[in-house]
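Can you build the whole structure from these sequences, using the hints too?
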Amino acid sequence: MADNINTGDYKGIWCVAEVRRGQIHSSLYELITLGRRLSQETSEDLCCVVVGSGITAAAKALSVYGAKRVYVVDAAGLANYTDDAYSRVLVELVKKHKPSKVFMPGTTVGRSWAARVTVTLGTGLGSDVSAVEFDKASGGLKMTRSCHGGSMNVEVTCPGSRPEMATLRLGSYEKAKPVNGSAIDCVEEKFDLAAWNLRSRFVKYDAEVSQMADIGQADVIVSGGFGIGKQENFKLLEDLAKLLGGGVGASRRVVDLGWIPYRQQVGLTGRTVKPKLYIACGISGQVQHLAGMSQSDVIVCINKDPEAPLMKIANLAVEGDLEEIVPALIAEVKKAKS
Amino acid sequence: MIGDQMHIVVCVKQTSSASNLAAGSAVGSARATMNPFDEYALEEAVRIKERSGGKAVVCVITMGAAAATETLRDAIARGADNAALLSSPSFDGSDAYATSYLLSKAVEKLGKERGPVDLVLFGKQTNDSDAGQVGPGVAAWLDWPNATYVKKLESTGAGRVTVARAMEDGVDTIELTLPATVSVIKEINEPRLASLKGKMASKKAEIPVWGPGELAAEAGRYGKAGAKLSMGPLKEPPARVGGFKVAGATAQEKAVNLVAKLKEMKLV
Ligand SMILES: Cc1cc2nc3c(=O)[nH]c(=O)nc-3n(C[C@H](O)[C@H](O)[C@H](O)COP(=O)(O)OP(=O)(O)OC[C@H]3O[C@@H](n4cnc5c(N)ncnc54)[C@H](O)[C@@H]3O)c2cc1C
Ligand SMILES: Nc1ncnc2c1ncn2[C@@H]1O[C@H](COP(=O)(O)O)[C@@H](O)[C@H]1O
Chain A
1 MADNINTGDY KGIWCVAEVR RGQIHSSLYE LITLGRRLSQ ETSEDLCCVV
51 VGSGITAAAK ALSVYGAKRV YVVDAAGLAN YTDDAYSRVL VELVKKHKPS
101 KVFMPGTTVG RSWAARVTVT LGTGLGSDVS AVEFDKASGG LKMTRSCHGG
151 SMNVEVTCPG SRPEMATLRL GSYEKAKPVN GSAIDCVEEK FDLAAWNLRS
201 RFVKYDAEVS QMADIGQADV IVSGGFGIGK QENFKLLEDL AKLLGGGVGA
251 SRRVVDLGWI PYRQQVGLTG RTVKPKLYIA CGISGQVQHL AGMSQSDVIV
301 CINKDPEAPL MKIANLAVEG DLEEIVPALI AEVKKAKS
Chain B
1 MIGDQMHIVV CVKQTSSASN LAAGSAVGSA RATMNPFDEY ALEEAVRIKE
51 RSGGKAVVCV ITMGAAAATE TLRDAIARGA DNAALLSSPS FDGSDAYATS
101 YLLSKAVEKL GKERGPVDLV LFGKQTNDSD AGQVGPGVAA WLDWPNATYV
151 KKLESTGAGR VTVARAMEDG VDTIELTLPA TVSVIKEINE PRLASLKGKM
201 ASKKAEIPVW GPGELAAEAG RYGKAGAKLS MGPLKEPPAR VGGFKVAGAT
251 AQEKAVNLVA KLKEMKLV
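Chain order of the listed sequences is A and B. The working numbering applies: residue 1 is where the first sequence begins, and numbers increase by one. The working numbering applies: residue 1 is where the second sequence begins, and numbers increase by one.
If you are wondering where the hints come from, they were derived from the structure by calculation, not from laboratory data. A couple of the hints might just be wrong.
Pairwise CB distance ranges (calculated) [unchecked claim]:
hint : chain 1 : residue 1 : chain 2 : residue 2 : range
1    : B       : 264       : A       : 257       : 35 to 43 Å
2    : B       : 5         : A       : 57        : 48 to 56 Å
3    : A       : 177       : B       : 224       : 42 to 50 Å
4    : A       : 45        : B       : 89        : 41 to 49 Å
5    : B       : 65        : A       : 219       : 37 to 45 Å
6    : A       : 338       : B       : 50        : 26 to 34 Å
7    : A       : 159       : B       : 236       : 45 to 53 Å
8    : B       : 224       : A       : 45        : 50 to 58 Å
9    : B       : 190       : A       : 183       : 52 to 60 Å
Think about it this way: if two alpha-carbon atoms lie no more than 30 Å apart in a straight line, the pair counts; the simulated DSSO-like pairs of lysine-lysine are [to be verified]:
hint : chain 1 : residue 1 : chain 2 : residue 2
10   : A       : 95        : B       : 224
11   : A       : 304       : B       : 266
12   : A       : 334       : B       : 235
13   : A       : 98        : A       : 177
14   : B       : 263       : A       : 242
15   : A       : 304       : B       : 261
16   : A       : 177       : A       : 60
17   : B       : 151       : A       : 334
18   : A       : 312       : B       : 235
19   : A       : 337       : B       : 261
20   : B       : 151       : A       : 204
21   : B       : 224       : A       : 136
22   : B       : 261       : A       : 230
Computed, partial: chain B to chain A, Cβ under 7 Å [claimed, not checked]:
hint : residue
23   : 232
24   : 246
25   : 261
Backbone N, C-alpha and C define an ideal beta-carbon position, used for all residues, glycine too.
Take a look at the structure:
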């Protein structure tokens, strides 16, 4: 483990792609937005890292995002994410090339991957960070993240070790648009995976059957709570979500009732989301629910109780019975879109 | 393994975050309890033990202040066999890196003294740090395979477990060779309450306290000296300025006004 290092030996800003089912996950473009800015502020090179199988062409295509270099590890044995294999790969890359900053997506894969890599490297990790600033005086990063179930913010730094690492909360940065980049330097790295003592085996993937967008990435989320009255009313919310191109979320109370799968639960014990628009229907807004969604850009709350906590913090509060308001809303959105 | 039985360690943390509060409780009344996410890890270990006919051994460990013994007793009341507290003033200021180091040293110690540990279970995250780093961190220190966000865990023959991992787009199934560490999520089970028998056992249980000496922990790897991350003070996030009430006499009117607003904001 790297102790007593000279932080100045580490140079380069890395944005690590998550490759899911052979595709580069769109979270990479959010990392690149941050990476580009920091590259200007620090004059360090922006690099991407792509690990997977059959992904070299996609990695080379990242040249249009202004990255100077892309490190590619393309191997059949890396077709699917497992913690020990992927962690070893990233550890080896970091040890060899010594970047100063490594950014990874705040996804299931990214958060797990980064946590293992940082400990092996002996460095610090900001988890699910929502803002990163470069501090000229110290030459290090100030990373803002939330804690205490989303109720508090804290700034973390990584003063004595490198690289400084963070997973970025999805939606914290806009997705980068292509620029007129020059040619990208593609560095293909090979590893003898068979020689590593890997003890996890990917068995299979079962796709989510729901046709709805995943709430982790959706720009719009329509969420339902106990106030929807009955399970069948989720159909209404689905219709609205589909119209808006979004996904359906829920409070814990209705998840516990078995009205909707757990993966759709928003909040402290569910998922943290940051959509552009969050429409809460029949959700009172207890702290544990707010923990998962209070960073949404715009919150709409539909509730018959004007005193409900969520009505107080909503940008747009609609008082009334959701069984009447949601169908009217669906009709209006249809009109607006036609 | 202890004899031919699984040796399971569960890592739990005692927290007193406002998010432990039942909805509606006054802020500031937070009581220190087991991190709610860790209840699922404990329950899963106890279920594995029950499936083994009660023979597998479940040990619960925590790194924290002396008061965290309460949480360890609670864990015994809910079915764990024994517990150990990792505590020393020199552990103060440990971050995920240092905490996972200390926990890994405890796992090594348990393995040496009682029989190799097969499985170490963790919660998804602690509700004060919201980080989810310590599980993979312990795996890194021990150089064991690991998985996170696990919603189902099954033993698949000797020395292996199969886990179902909740992904954004579905479920990944992974097979891990033991020993391994696994971080679980709420979906995996429904934690039980303490039984009367368990409560009796928990009162009588002797809980050893392990400091740096007992753990054979290397100076500079734990506490403030070992931490890699430096944390600033906690701040209230900027308050949301909400409060535009959408007007309208009927549901229809409200819907019209709401959509007009959303159009203005370019959200429709
Ligand atoms: C450790 C812990 C972790 C937790 N984690 C989570 C979590 O991750 N996510 C989460 O959501 N909760 C979580 N909770 C639970 C949380 O405290 C609340 O109990 C829960 O969020 C309440 O769900 P709700 O808003 O759907 O129900 P309620 O609080 O019952 O609210 C229902 C709302 O619907 C309104 N309503 C009723 N009828 C109508 C109608 N016809 N039209 C319009 N409005 C109507 C009511 O006015 C009310 O405001 C957690 C609790 C604890 C203790
Ligand atoms: N001080 C601690 N003592 C024992 N286990 C811990 C401690 N801190 C964290 N853990 C375990 O690691 C998991 C993840 O914690 P964290 O990385 O802090 O979010 C928790 O759910 C616990 O299972």
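Results of checking the hints against the structure:
| no. | hint | result |
| --- | --- | --- |
| 1 | 264(B) to 257(A): 35 to 43 Å | 36 Å, holds |
| 2 | 5(B) to 57(A): 48 to 56 Å | 51 Å, holds |
| 3 | 177(A) to 224(B): 42 to 50 Å | 43 Å, holds |
| 4 | 45(A) to 89(B): 41 to 49 Å | 44 Å, holds |
| 5 | 65(B) to 219(A): 37 to 45 Å | 44 Å, holds |
| 6 | 338(A) to 50(B): 26 to 34 Å | 58 Å, violated |
| 7 | 159(A) to 236(B): 45 to 53 Å | 25 Å, violated |
| 8 | 224(B) to 45(A): 50 to 58 Å | 34 Å, violated |
| 9 | 190(B) to 183(A): 52 to 60 Å | 56 Å, holds |
| 10 | 95(A) to 224(B) | 25 Å, holds |
| 11 | 304(A) to 266(B) | 26 Å, holds |
| 12 | 334(A) to 235(B) | 42 Å, violated |
| 13 | 98(A) to 177(A) | 27 Å, holds |
| 14 | 263(B) to 242(A) | 17 Å, holds |
| 15 | 304(A) to 261(B) | 20 Å, holds |
| 16 | 177(A) to 60(A) | 16 Å, holds |
| 17 | 151(B) to 334(A) | 38 Å, violated |
| 18 | 312(A) to 235(B) | 21 Å, holds |
| 19 | 337(A) to 261(B) | 14 Å, holds |
| 20 | 151(B) to 204(A) | 15 Å, holds |
| 21 | 224(B) to 136(A) | 25 Å, holds |
| 22 | 261(B) to 230(A) | 29 Å, holds |
| 23 | 232 | 4 Å, holds |
| 24 | 246 | 5 Å, holds |
| 25 | 261 | 6 Å, holds |
Of the numbered hints stated above, those contradicted by the structure are hints 6, 7, 8, 12 and 17, listed in ascending order.
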